[in-house]
Amino acid sequence: MKNWFRRRDRAAEIHEEIESHLAMRAEFNRQSGTPADAARTTARRQFGNAALIEEDVRRVRGFPWLESLGQDAGYAFRGFVRAPVFTATAVLTTALGIGASTAVFSLVDRILFRPLPYPEADRLVSIGIIAPSVDKNEFVFADTYVRMRTQQTPFSHITTFGFISDCDLSEQNAVRMQCAMVESTFLPTFGVQPVVGRNFTHAEDQPNAAKVALLSYPFWKSRFGGDPAVVGRSISVDGQPTSVIGVLPHDFEMFNITPFDLLIPEAINEAHPGNGRLFRAFARLRPGVSLEQARAAMQAQFEQERGSAPPQFRKELHLVIRPLRDRQIGNMRIASWALFSAVLVVLLIAAANVANLMLARSASRRREWAIRAAIGAGRWRLARQVLTESLLLASMGAAAGWGLAWLMLRFFVAVAPSGILRLDQASLDGRVLLFAVALALVSGVLFGLAPAFDTPGAGGMAAGRTVVSTRGLLRHVLIAAQIAASLVLLASAGLLLRSLWNLEKVPLGMDTQQTIAAQFVTGKGANELAFFERLESRLGELPGHPTFALSDTIPPYGGSRSRPFFVLDVEGRPPYPEGSGGMVGWRYITPGYFAAMGIPMVRGRAFTEEERDAKEMPIVLSRELARRLFPGGDALGRHMLNTGGIWHTVVGIAGDVINNGLDHQPEPEYYELRKHFADATYDNRAPAGGWRGGTAIVRSQLSPQAMAKTLRSLIADLDPSVPVMVQTLAERAGHLTVTPRFDTLLLGGFAAIGLLLAAIGIYGVIAFLVGQRTREVGVRMALGATPRAITRMFLRHAAGWTLAGIVAGLAGSLAVTRVLGSMLFNVDAHDPWSLAAAPTVLLAVALAAAWLPARRAARIDPVRTLRAE
Amino acid sequence: MADSLQGTLDLLILKTLQLGPNHGFGITLHIQTASQGLLQVEEGSLYPALHRLERDKLVKAEWKTTDNRRRARVYALTAAGRKRLGEAEESWSALAKGVGRLLRYV
Numbered sequence: 005m006k007n008w009f010r011r012r013d014r015a016a017e018i019h020e021e022i023e024s025h026l027a028m029r030a031e032f033n034r035q036s037g038t039p040a041d042a043a044r045t046t047a048r049r050q051f052g053n054a055a056l057i058e059e060d061v062r063r064v065r066g067f068p069w070l071e072s073l074g075q076d077a078g079y080a081f082r083g084f085v086r087a088p089v090f091t092a093t094a095v096l097t098t099a100l101g102i103g104a105s106t107a108v109f110s111l112v113d114r115i116l117f118r119p120l121p122y123p124e125a126d127r128l129v130s131i132g133i134i135a136p137s138v139d140k141n142e143f144v145f146a147d148t149y150v151r152m153r154t155q156q157t158p159f160s161h162i163t164t165f166g167f168i169s170d171c172d173l174s175e176q177n178a179v180r181m182q183c184a185m186v187e188s189t190f191l192p193t194f195g196v197q198p199v200v201g202r203n204f205t206h207a208e209d210q211p212n213a214a215k216v217a218l219l220s221y222p223f224w225k226s227r228f229g230g231d232p233a234v235v236g237r238s239i240s241v242d243g244q245p246t247s248v249i250g251v252l253p254h255d256f257e258m259f260n261i262t263p264f265d266l267l268i269p270e271a272i273n274e275a276h277p278g279n280g281r282l283f284r285a286f287a288r289l290r291p292g293v294s295l296e297q298a299r300a301a302m303q304a305q306f307e308q309e310r311g312s313a314p315p316q317f318r319k320e321l322h323l324v325i326r327p328l329r330d331r332q333i334g335n336m337r338i339a340s341w342a343l344f345s346a347v348l349v350v351l352l353i354a355a356a357n358v359a360n361l362m363l364a365r366s367a368s369r370r371r372e373w374a375i376r377a378a379i380g381a382g383r384w385r386l387a388r389q390v391l392t393e394s395l396l397l398a399s400m401g402a403a404a405g406w407g408l409a410w411l412m413l414r415f416f417v418a419v420a421p422s423g424i425l426r427l428d429q430a431s432l433d434g435r436v437l438l439f440a441v442a443l444a445l446v447s448g449v450l451f452g453l454a455p456a457f458d459t460p461g462a463g464g465m466a467a468g469r470t471v472v473s474t475r476g477l478l479r480h481v482l483i484a485a486q487i488a489a490s491l492v493l494l495a496s497a498g499l500l501l502r503s504l505w506n507l508e509k510v511p512l513g514m515d516t517q518q519t520i521a522a523q524f525v526t527g528k529g530a531n532e533l534a535f536f537e538r539l540e541s542r543l544g545e546l547p548g549h550p551t552f553a554l555s556d557t558i559p560p561y562g563g564s565r566s567r568p569f570f571v572l573d574v575e576g577r578p579p580y581p582e583g584s585g586g587m588v589g590w591r592y593i594t595p596g597y598f599a600a601m602g603i604p605m606v607r608g609r610a611f612t613e614e615e616r617d618a619k620e621m622p623i624v625l626s627r628e629l630a631r632r633l634f635p636g637g638d639a640l641g642r643h644m645l646n647t648g649g650i651w652h653t654v655v656g657i658a659g660d661v662i663n664n665g666l667d668h669q670p671e672p673e674y675y676e677l678r679k680h681f682a683d684a685t686y687d688n689r690a691p692a693g694g695w696r697g698g699t700a701i702v703r704s705q706l707s708p709q710a711m712a713k714t715l716r717s718l719i720a721d722l723d724p725s726v727p728v729m730v731q732t733l734a735e736r737a738g739h740l741t742v743t744p745r746f747d748t749l750l751l752g753g754f755a756a757i758g759l760l761l762a763a764i765g766i767y768g769v770i771a772f773l774v775g776q777r778t779r780e781v782g783v784r785m786a787l788g789a790t791p792r793a794i795t796r797m798f799l800r801h802a803a804g805w806t807l808a809g810i811v812a813g814l815a816g817s818l819a820v821t822r823v824l825g826s827m828l829f830n831v832d833a834h835d836p837w838s839l840a841a842a843p844t845v846l847l848a849v850a851l852a853a854a855w856l857p858a859r860r861a862a863r864i865d866p867v868r869t870l871r872a873e
Numbered sequence: 139m140a141d142s143l144q145g146t147l148d149l150l151i152l153k154t155l156q157l158g159p160n161h162g163f164g165i166t167l168h169i170q171t172a173s174q175g176l177l178q179v180e181e182g183s184l185y186p187a188l189h190r191l192e193r194d195k196l197v198k199a200e201w202k203t204t205d206n207r208r209r210a211r212v213y214a215l216t217a218a219g220r221k222r223l224g225e226a227e228e229s230w231s232a233l234a235k236g237v238g239r240l241l242r243y244v
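Line by line, the protein sequences give chains A and B.
The working numbering applies: residue 5 is where the first sequence begins, and numbers increase by one.
The working numbering applies: residue 139 is where the second sequence begins, and numbers increase by one.
Read the hints as simulated data drawn from the structure, not as lab findings.
Keep in mind that the hints are not guaranteed to be accurate.
List time: in silico DMTMM-like cross-link candidates among lysine to aspartate or glutamate, alpha-carbon distance up to 25 Å [claimed, not checked]:
1. B:198 <-> A:556
2. B:202 <-> A:23
3. A:140 <-> A:508
4. A:713 <-> A:556
5. B:202 <-> A:60
6. B:153 <-> A:60
7. B:195 <-> B:181
8. B:202 <-> A:508
9. B:195 <-> A:17
10. B:198 <-> A:23
11. A:619 <-> A:540
12. B:195 <-> A:58
13. B:195 <-> A:59
14. A:679 <-> A:613
15. B:202 <-> A:17
16. B:198 <-> A:58
17. B:195 <-> A:508
18. B:198 <-> A:59
If the Cβ cut is set under 7 Å, some of the chain A residues that face chain B in the computed set are [said to hold, decoys possible]:
19. 52
20. 57
21. 60
Listed next, the stretches of chain B that the computed footprint assigns to chain A, with coverage defined by at least 3 CB atoms under 8 Å from CB atoms of chain A [claimed, not checked]:
22. 150-163
23. 171-184
24. 189-201
25. 218-231
Virtual Cβ for every residue (Gly too), placed ideally from N, Cα, C.
The whole structure should be built from the sequences, with the hints applied where relevant.
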């Protein structure tokens, strides 16, 4: 180290020593008769390259690489300052590429790549039946499952999950909890051990067994202060004494990442499982058994089971066995991959840009390098200079990129729709950053280094006068590749944008303006009928007497009660065959519903107040259901759907309302009238669980904030323990497009970054060409070329390579956009508009980027240029 | 063998210094005159070699004022240098003898 500190002294000493040598040689020469001044010159000539020798000597001593690294860095920085545009462009390009890729990878990594938090999670599968009109995820019926459990062979473990529902800790400081019902085999299947206490046994998982529960770790901490002695204690859950037998590990998460507080036995009634109860089933593949083998093994058993499924489903069922991760990420899979690919493309464009910048810079520095080589810089020294510069640029880019990535991730988290898996866990990923930096570095070094190896020694000086680029082709191929890549991005973004546009235009079938909905769930054991009646009379007392209604559910999503189509028999017609027609949704509403929701009556009328005290049962059909039940259009006044011996009379037909997502035709629905008393419809509550949940709908001219406050306090007045969620109908409908909007925003953002980078690339190359061909332009102008012709010459050049890139990009787009197909709505993956718009935009941007430097070429003064040579 | 050839310049330097301390220019002159002009040492090799020898503690250097009152960095043999010179001389004469025999063998 001492050596290092003394290195300046050492260098001075070496210099002095060599000067002294030269002086002695000069004196020697003079003594041998050479004139004094000639003696000095001769001494220098005899000595050779003094500076190079000094450097060689210095290299013997101390830390030459460190010393010259400092020199290189200093030199590089001076170079950066001299070429601020180049430096800013290179750093910005690198930062954009690194920032975007790091942020996005950090986002999708959790979703796509990180292992699930279960041992040997790749052997965990979700297994079940898919019935399109019931649920998007596979499920099993209790009886099917009980048979499957005993007969199956491909799995070492199999288990069920019986959903999460509200439950109340009904003791001092009562609290609403989330209870997850699972089978006793659930934890063993997932390979999870309680940290305190034990799992429940098969015997405890029976319908009439004494109640037991495991606590989630967060609930154990928050409610019981993490006291291990809580195990063995009895708590009151929904009024029933339940003993706590264990605590789950802190990192345990439910397969669907839903938070919960208590894990309780689901208690399948194995003796009489045929009650239509649904479960999610999960299994662990035996070692050596593949997914395909498991599917084949279960298919035969499934075919037998098809017959025992409730008839209304039978025809639409199929078996699903898929990895747990697929089940978990569901429809986010394609979006995640699309995002990931988009950002890789951006990264490649950025890398190509850096490469091009370095190429251009090094080509324009050949003269400088020739001089440096001539005065004694070794070839490796020049190569090291490039390396140092690339390193410095990459580190500056990486630092800026890291900041950018942090900002972008913040932004993603802020704008992301809820329900994106593990978004809260996303943090900047160091590995990706390293990868991105390495890529930027490699492309910088590779392309910056190329000229270092053909730097001609002193002979380069001659060539240095009028540099003729030899790497023009590579530069242009890089540009064309950038254009192609950004075309793919633009085309994809265009498709998503069109799709989003189409989605936003889908008529909802209702008027969402000025309507506000308060969703609530009454406590277990409350008198639901009385609560609704009291709520209704309070709504009727609202100032200004706005239109209001109560319903169990509301569109456009969130589901509704449903019945099999075939039970909707029409008086005087033979009943439908069992199992035909799928399911039909229905809502339980008060007369103000259609007015409050802004749903038009197509024919007939809405319910009236008078009908609510009468025994007769009116019914309103959706247009779609009326079309299916009464193709002749004679629905009004007809009798149908016999409930408790009373036929419903069709009094009206309401417009169809979106109820199955924007990308599907509305499913058929019907409406029944909520009476002031518990009629047969009320008693025929389905599914079990009663009428606890409801929605109060108010259409009012008041501001939504004021109305939301009023509704909250109104419900809290009736029962402060009832949770309420207030939303305007417009907000609620807006949620339908949140995910596509997010996808479009991200992909559009990357397309914009890609476009920007490509524009920078074209600008750079044309600007470089203009600089290189200044003399040629001068000659042309001296010979009579007009400025316009000069501009056109460069633009034609840019257009040529852009078009080449566009042709390649179109081919790529056709291949890539097909993958996007399932993310698109009412847009063909080969939508001609998007595929035409993207190249047009790209060409316009490319020409604009080329025009700036081309115009500069047109301003070249031929006299000055020629004189400069 | 390759070592001995490469070490030739070191040998010449050490042998020159055996006569007494000398500076770089003096060493060049001595080698040139002693070899009667047959050997020319390039400064580009001499100074790195001198500093390498100094780094390896085979010679030591100090600034002195020469006879004609010029400051010069003067090198002198160390004990290790003297020992190395002995070894180098031996291996050189062995090499020379071997090469001589080979050339005579026809």
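The hints, checked one at a time:
no. : hint            : result
1   : B:198 <-> A:556 : violated, 100 Å
2   : B:202 <-> A:23  : holds, 15 Å
3   : A:140 <-> A:508 : holds, 23 Å
4   : A:713 <-> A:556 : holds, 21 Å
5   : B:202 <-> A:60  : holds, 24 Å
6   : B:153 <-> A:60  : holds, 23 Å
7   : B:195 <-> B:181 : holds, 21 Å
8   : B:202 <-> A:508 : violated, 92 Å
9   : B:195 <-> A:17  : holds, 18 Å
10  : B:198 <-> A:23  : holds, 20 Å
11  : A:619 <-> A:540 : holds, 20 Å
12  : B:195 <-> A:58  : holds, 20 Å
13  : B:195 <-> A:59  : holds, 21 Å
14  : A:679 <-> A:613 : holds, 9 Å
15  : B:202 <-> A:17  : holds, 13 Å
16  : B:198 <-> A:58  : holds, 19 Å
17  : B:195 <-> A:508 : violated, 84 Å
18  : B:198 <-> A:59  : holds, 21 Å
19  : 52              : holds, 5 Å
20  : 57              : holds, 5 Å
21  : 60              : holds, 5 Å
22  : 150-163         : holds (count 3)
23  : 171-184         : holds (count 3)
24  : 189-201         : holds (count 3)
25  : 218-231         : violated (count 0)
Going through the hint list in order, the structure does not satisfy hints 1, 8, 17 and 25.
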